[in-house]
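Participant: Sequence:
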Amino acid sequence: AKVKDKAARKISYAQFEAGVREMAEKKKVKFEALAKELMLCGGPVIEGTVAEKNKFHDDKSLYTGTHGREDGYEAYLDTPPPRPKATQVEVEVGYGPADSLEEVFELFSPNGDLDGRSFAKMIKDARLLDKSLAAPDVDLIFAKAKGKGVKLSFRQFGEALEAVAQRKKMEFDALAQVVMGAGGPRLVGTHAEANKFHDDVTTYTGSHGIGR
398 AKVKDKAARK
408 ISYAQFEAGV
418 REMAEKKKVK
428 FEALAKELML
438 CGGPVIEGTV
448 AEKNKFHDDK
458 SLYTGTHGRE
468 DGYEAYLDTP
478 PPRPKATQVE
488 VEVGYGPADS
498 LEEVFELFSP
508 NGDLDGRSFA
518 KMIKDARLLD
528 KSLAAPDVDL
538 IFAKAKGKGV
548 KLSFRQFGEA
558 LEAVAQRKKM
568 EFDALAQVVM
578 GAGGPRLVGT
588 HAEANKFHDD
598 VTTYTGSHGI
608 GR
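Using our numbering, the letters of the sequence shown map in sequence onto residues 398 to 609.
Don't take each hint at face value.
[Claimed, not checked] The list that follows gives simulated cross-link-like pairs (lysine to aspartate or glutamate, DMTMM-like), each with its CA atoms no further than 20 Å apart:
id, residue 1, residue 2
1, K565, D402
2, K548, E499
3, K548, D570
4, K545, E449
5, K548, D510
6, K407, E444
7, K528, E568
8, K566, E556
9, K566, D527
10, K548, D536
11, K518, E503
12, K545, E414
13, K521, E559
14, K541, D402
15, K528, E414
16, K518, D536
17, K518, D534
18, K424, E434
19, K521, D510
20, K433, E499
21, K433, D402
22, K424, E414
23, K541, D455
24, K427, E444
25, K565, D597
26, K518, E556
27, K407, E419
28, K423, E434
29, K545, D402
30, K521, E568
31, K425, E444
32, K548, E429
33, K545, E444
34, K521, E499
35, K521, D456
36, K433, E414
[Said to hold, decoys possible] The following label-pair restraints were derived from C-beta to C-beta distances:
id, residue 1, residue 2, range
37, I443, G509, 31 to 39 Å
38, T599, S458, 32 to 40 Å
39, R524, V426, 30 to 38 Å
40, E434, F569, 28 to 36 Å
Simulated from the structure, these hints should not be mistaken for lab results.
All values derive from a computational prediction rather than experimental measurement.
We treat Cβ as the ideally placed atom computed from N, Cα and C, and that holds for glycine.
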């Protein structure tokens with residue numbers, strides 16, 4: 398209530414950060430330490446109930462009728478053919494190594510300054526995350542580099558990379574080469590494996606086999 402506008406029901410990111418800073422002052426801890434604790438907690442915790450064991454539900458040997466058949470034949474006749482299993486593969490679309498850090502910055506921030514999500518993706522795509530640099534560390538580096546703003550300018554982007562290099566105990570030029578070598582954003586898609594019972598319509602049965 399103290400950080401939000403009087404008529405507002407929600408707060409902006411800047412107001413949220415101000416609230417966290419005030420909380421840190423009251424708890425007499427550093428803002429960075431409290432911010433890291435909050436990020437490690439993740440999102441909301443959802444609570445629910447677990448059903449008690451039920452013999453007539455859990456023991457399938459007690460099932461009768463169609464439910465007692467292992468093949469479920471009657472239900473099978475009106476069931477579509479099995480869908481193909483999907484395998485996740487990484488697909489790079491249109492991006493190779495960049496010629497400069499400026500080019501990397503522009504690829505990850507086509508609309509201007511670089512936001513936290515894009516900065517974190519750039520670090521991940523460059524495969525820089527490890528024991529010395531975890532995702533919460535990247536978020537803290539971004540928060541420190543942006544200052545009171547919401548996004549990073551190119552100058553602040555360079556300062557953030559310097560902090561990453563120090564964290565990983567690398568020379569800045571070596572880190573820059575890794576980032577430029579990774580280039581722009583990497584996109585992930587899915588590709589379905591071949592499935593005889595889905596692809597070969599001659600194997601269809603029941604209503605799905607009519608009129609093929």
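Participant: Now tell me, hint by hint, if it's right for this structure.
Facilitator: Here is how each hint holds up against the structure:
no. : hint                      : verdict
1   : K565 <-> D402             : violated, 41 Å
2   : K548 <-> E499             : holds, 16 Å
3   : K548 <-> D570             : violated, 24 Å
4   : K545 <-> E449             : violated, 51 Å
5   : K548 <-> D510             : holds, 6 Å
6   : K407 <-> E444             : violated, 24 Å
7   : K528 <-> E568             : holds, 18 Å
8   : K566 <-> E556             : holds, 15 Å
9   : K566 <-> D527             : holds, 12 Å
10  : K548 <-> D536             : holds, 12 Å
11  : K518 <-> E503             : holds, 14 Å
12  : K545 <-> E414             : holds, 10 Å
13  : K521 <-> E559             : holds, 16 Å
14  : K541 <-> D402             : violated, 25 Å
15  : K528 <-> E414             : violated, 27 Å
16  : K518 <-> D536             : holds, 11 Å
17  : K518 <-> D534             : holds, 13 Å
18  : K424 <-> E434             : holds, 13 Å
19  : K521 <-> D510             : holds, 19 Å
20  : K433 <-> E499             : violated, 29 Å
21  : K433 <-> D402             : violated, 26 Å
22  : K424 <-> E414             : holds, 15 Å
23  : K541 <-> D455             : violated, 53 Å
24  : K427 <-> E444             : violated, 31 Å
25  : K565 <-> D597             : violated, 53 Å
26  : K518 <-> E556             : holds, 17 Å
27  : K407 <-> E419             : holds, 18 Å
28  : K423 <-> E434             : holds, 16 Å
29  : K545 <-> D402             : holds, 19 Å
30  : K521 <-> E568             : holds, 19 Å
31  : K425 <-> E444             : violated, 31 Å
32  : K548 <-> E429             : holds, 18 Å
33  : K545 <-> E444             : violated, 36 Å
34  : K521 <-> E499             : holds, 18 Å
35  : K521 <-> D456             : violated, 46 Å
36  : K433 <-> E414             : holds, 13 Å
37  : I443 <-> G509: 31 to 39 Å : holds, 36 Å
38  : T599 <-> S458: 32 to 40 Å : holds, 36 Å
39  : R524 <-> V426: 30 to 38 Å : holds, 33 Å
40  : E434 <-> F569: 28 to 36 Å : holds, 30 Å
In this structure, the hints that do not hold are numbers 1, 3, 4, 6, 14, 15, 20, 21, 23, 24, 25, 31, 33 and 35, in rising order.
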